[in-house]
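All chains, full assembly: derive it from the sequences and hints.
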Amino acid sequence: MVISSTSKSDEQVSCTFASRYMRESLEKFKMPEQSMPKEAAYQIINDELMLDGAPRLNLASFVTTWMEPECDKLIMASVNKNYVDMDEYPVTTEIQNRCVNMIAHLFNAPVGEEETAVGVGTVGSSEAIMLAGLAFKRKWQHKRKLQGKPIDKPNIVTGANVQVCWEKFARYFEVELKEVKLKEGYYVMDPKKAVEMVDENTICVAAILGSTLTGEFEDVKLLNDLLTQKNKETGWDTPIHVDAASGGFIAPFLYPDLVWDFRLPLVKSINVSGHKYGLVYAGVGWVVWRSKEDLPEDLIFHINYLGADQPTFTLNFSKGSSQIIAQYYQFIRLGFQGYKDIMENCMMNAKVLKEGLEKTGRFSIVSKDIGVPLVAFSLKDGTQYTVFNISDSLRKFGWIVPAYTMPADAQHVAVLRVVIREDFSRGLAERLISDIDKVLKELDSFPSHVVTTKTAHVTVDDDQVGHNNKARKSEKEIQEEVTKHWKRFVEEKRTGVC
Amino acid sequence: MGLSKTFSESDVSIHSTFASRYVRDSAAKHQMPENSTPKEVAYQMINDELMLDGKPRLNLASFVTTWMEPECDKLIMESMNKNYVDMDEYPVTTELQNRCVNMIAHLFNAPLEDSEAAVGVGTVGSSEAIMLAGLAFKRKWQNKRKAEGKPYDKPNIVTGANVQVCWEKFARYFEVELKEVKVREGYYVMDPVKAVEMVDENTICVAAILGSTYNGEFEDVKLLNDLLLQKNNETGWDTAIHVDAASGGFIAPFLYPELEWDFRLPLVKSINVSGHKYGLVYAGIGWIVWRGKDDLPEDLIFHIDYLGADQPTFTLNFSKGSSQIIAQYYQLIRLGFEGYRNIMENCHKNAMVLKDGLDKTGRFDILSKDVGVPVVAFSLKDRSRHDEFEVSELLRRFGWIVPAYTMPADAKHVSLLRVVIREDFSRTLAERLVIDITKVLQELDRLPAKNGGEVKNGKKSEDEIKRDIATHWKKIVMAKKTRIISCS
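Protein chains in written order, with my numbering: chain H, 1 to 498; chain L, 1001 to 1488.
None of these hints come from the bench; they were simulated from the model.
Among the clues, some could well be false.
[Said to hold, decoys possible] Here are the simulated distance ranges between beta carbons:
1. S291/H to S1026/L: 25 to 33 Å
2. K1293/L to K28/H: 15 to 23 Å
3. M50/H to K1055/L: 53 to 61 Å
4. K143/H to S1426/L: 54 to 62 Å
5. G1399/L to E33/H: 33 to 41 Å
6. R1024/L to G427/H: 38 to 46 Å
7. M348/H to T1428/L: 54 to 62 Å
8. R1264/L to D152/H: 38 to 46 Å
9. P37/H to K1293/L: 46 to 54 Å
10. E24/H to N1109/L: 22 to 30 Å
11. E33/H to G1362/L: 38 to 46 Å
12. N1098/L to E24/H: 17 to 25 Å
[Said to hold, decoys possible] Per the computed footprint, the stretches of chain H lying under chain L, defined by three or more beta-carbons under 8 Å from a beta-carbon of chain L, are:
13. 41-50
14. 97-107
15. 165-178
16. 330-340
17. 375-386
All values derive from a computational prediction rather than experimental measurement.
Heads up, the beta-carbon is just placed ideally off N, CA and C, and yes, glycines get one too.
Have a look at this one:
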């Protein structure tokens, strides 16, 4: 004679969606008092995350979104290994060292066949760049102290197209950032102007191999030659750092004759993102120095952590081991040939996309053929609607294609950018083109769309931006309201039909 | 009429990995191999080498989490390909981070209104968190000094000598002087009285640790706060406190809720905690929370148009995985307050079991306190013949990784072993460890002294001489035995 009991005992039996956890609002500001079953916790989080964008359709990012299942297996198996416990996990540490050696050789570092390269794995190019910048700053300070000169105003020369981590480095480590402004049609750093800006306080000149905005490679060789000349005249010995975050795993495979790396004598350090064309998930970058002399010893910590001597020169300490192991997997799985094949595929698919866009007759292609495989394009006629509208509309199809304006002094130029990653096949490229066609047709059919100039760009000063926006809104705002009003009429009519 | 082909020429792709030629080649170490390798082979080669790493769960050296529920592992794998920094593309993931920040801020009693958003951010670990906190203090102090027209070229920070290395890194990389309060034998944390004495007009903040790495002890933040308030009254310098709660931040609120160490103390302006320690998430996540907006200078925050949307960013790292953040949220809602409390209570009980077991051997002094992070730090009572480093080495043979190290200045002559009790260290494992330590001690007792008999009066003791003779004869006997060819 069983009397049915209330839900408490049945809770373990009821399926997640039958349980009370699906009815209750989840605390967002405070930890809940009580525990909940793990299945419910999993389901709740998994379901909310369905509303995130699909990583593989995120054409905005260079960062890898797909890896082979064998690698996924290795990743999961090492997710509970704290990388920094070098004494406990010597093989994992050795694997990092092998990666550093391989990358150093790839960049033609002057290391002997069996000699150990100087470099380290980081969490990304941001950390890598900060370490490189720190090394330059410290070297410069030492030099100036010996000369009895002031060390309070270090600066670094870069193009205005640098990624934000350079600005972070400058601001957090108190180095002045001297930016070479861009101009319409020339969206990378001009080596001549850069060298002109170099003075006695310059700790280094940073060139980018694979500008974020257009994928272009800066002319590092020309920079090297001009700077060598200036160094002879001034005796300042200013070095170069190459930010090869995206280009570092493209150039050696597609453009082996392009001289941009340690083959140039003034290049003292290079960083590359393992998680971009290194073909690993987010969370690994690499920085390599030319030699021991380029990394001041007083920046390296030798610590007695957990009982063994551990030299450490990174900003982060504890972190997962997965991405480092995944990087090594890619190196031995693909080898030189494998990386080359993948990059060639990316370039072919970028070409397909570029040609498809050109055929529409509505776009100007801003990216170059040589560089990182991406396609940056602007509207030939931006009066009726802008690239920002196209970007918004593409979201409906599931594509995430970002639109943004160029940095100073080309803020009036706005572009859309599609990054071609390893997992962007030709089939997807063709589908994207047909969806862009659909979007253009749709936007064409609406009366004068609003142009909300999103002039927020990569600087610190937001005041200027705010003013521009406010000044232009009035007329367009009215137009937009009228359009919205009419749109509603049209929608209602459509939904009425059965 | 098929002629049989030789082994090396038949279809390579059908060979099992261990039948293929790949396992005969040496692993690539210095240069990328020219050609590709089949994925199964690549997997096998790496997996096999990694077998020789220590086992994470037997690594009793580390505070960092080594086990999570399978449901969480599933969430982790699914978000592995999401770059956290793409806030516009992954708004839910970004929101989850914000929720975690809020929950942690409330856990630390930040003075927030009901629906007010807390000021804080997820980082890759406490190192990054501490650097951000330090940077905020440095900038605030510089702004203050500039406004007063005073020099701002010599900032310093006051901490105990027992700080974790990331504070030293912060000091060296960001050019701040580190003024360390030395520890002494028997008192292995920062003395608040001495710390406050060291504060001067250039001090950007005083950093206290909740859960010292060496012995798990909590520093007396309340006393520090009271003394510093007094000094601030006298000097007008307004020096603030940062609490490095890397390990203690997820212990104290659950085991010692009455202990006042967080934002309840008015001078505490920022707190960091490691999500990957007692936050119970795998390596790769930390949190930093500020008291209020005023404690984070606006000019350190970047508003960027990255990939087409405005993104405020104040972290050192940019691109990184989303997995650990999602995992942290999972733990916070899955366990809730009671779940965390239960786990911490279990850890504490198991630490006591281990401590009692070690006490019973009669050979160790316990250096950790009962109140603090569940850690058992112990040193040999008699260090004349063997030291803690040898114990540590011998334990490795049983599979355990238990580190030995020396205390910081001025107690460097004190060496110790430390076992961290994590969530996944059950009572059974604790009992097994005690048994194995006992075995190790017995073995060490049989071995000659490490430095050839380091005895107080400088001569070998009688016992030593006897042991040497016995060992000598043993060798002779063993040699004879090996010459016996046949046995009856």
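Going down the list of hints, with the structure as the test:
| no. | hint | verdict |
| --- | --- | --- |
| 1 | S291/H to S1026/L: 25 to 33 Å | holds (26 Å) |
| 2 | K1293/L to K28/H: 15 to 23 Å | holds (19 Å) |
| 3 | M50/H to K1055/L: 53 to 61 Å | violated (36 Å) |
| 4 | K143/H to S1426/L: 54 to 62 Å | holds (57 Å) |
| 5 | G1399/L to E33/H: 33 to 41 Å | holds (39 Å) |
| 6 | R1024/L to G427/H: 38 to 46 Å | holds (39 Å) |
| 7 | M348/H to T1428/L: 54 to 62 Å | holds (59 Å) |
| 8 | R1264/L to D152/H: 38 to 46 Å | holds (40 Å) |
| 9 | P37/H to K1293/L: 46 to 54 Å | violated (38 Å) |
| 10 | E24/H to N1109/L: 22 to 30 Å | holds (25 Å) |
| 11 | E33/H to G1362/L: 38 to 46 Å | holds (44 Å) |
| 12 | N1098/L to E24/H: 17 to 25 Å | holds (20 Å) |
| 13 | 41-50 | holds (count 7) |
| 14 | 97-107 | holds (count 5) |
| 15 | 165-178 | holds (count 7) |
| 16 | 330-340 | holds (count 9) |
| 17 | 375-386 | violated (count 0) |
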